[in-house]
Amino acid sequence: MTRLTCNVGNCGNNEHGFCCVGSIEIGGKNALESAGTCCSSYIDKQGAHNLTTHPNPQVEIHCKAQNCVHNCDGACDASQINVGNASACCCEQTECCEFCCK
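The sequence shown begins at 588 in this note's numbering and counts up one residue at a time.
Since the hints were made in silico from the structure, they are not lab data. Treat each hint with caution, since some may be false.
Claimed, not checked - The calculated DSSO-like cross-link candidates involving lysine-lysine, where the alpha carbons are at most 30 Å apart (straight line), are:
#1 K616 - K632
#2 K651 - K632
#3 K632 - K689
#4 K651 - K616
#5 K616 - K689
Bear in mind the structure is a predicted one, so any value in this text is a computation, not a measurement.
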């Protein structure tokens, strides 16, 4: 599984820089750069009361970014990724920082 770190402070799934869900989805089907991707699993922290469990550094990542070298049949095969944009307030403002165009 891929090691995932997250610096999206407003995400209800983020706890101490790690995701609290077992799997996430990276969107951006036609992305050509990391800014064209997003974490589709983002939920606003204000609407996520008691939804988080325990921080999990090993997360299954489903990837829709068809142009990324790490996309292997819809799964991320990178050893580590970071979901970025500390000030994101919605899914579309997040990004997979390890996106690398084929």
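Hints, verified against the model:
1. A threshold of 30 Å between alpha carbons decides the hint, and for K616 with K632 the separation of about 26 Å falls inside it, so the pair holds.
2. As the CA atoms of K651 and K632 are separated by approximately 24 Å, the hinted pair is consistent with the 30 Å bound.
3. Only pairs whose Cα atoms come within 30 Å are accepted, and K632 paired with K689 is rejected, the gap being roughly 34 Å.
4. At most 30 Å may separate the alpha-carbon atoms for a hinted pair to count; K651 and K616 meet this at roughly 5 Å.
5. A C-alpha spacing of about 13 Å is found between K616 and K689, which places the hinted pair at or below 30 Å, so the restraint holds.
The earlier numbered hint that this structure contradicts is number 3, and it is the only one.
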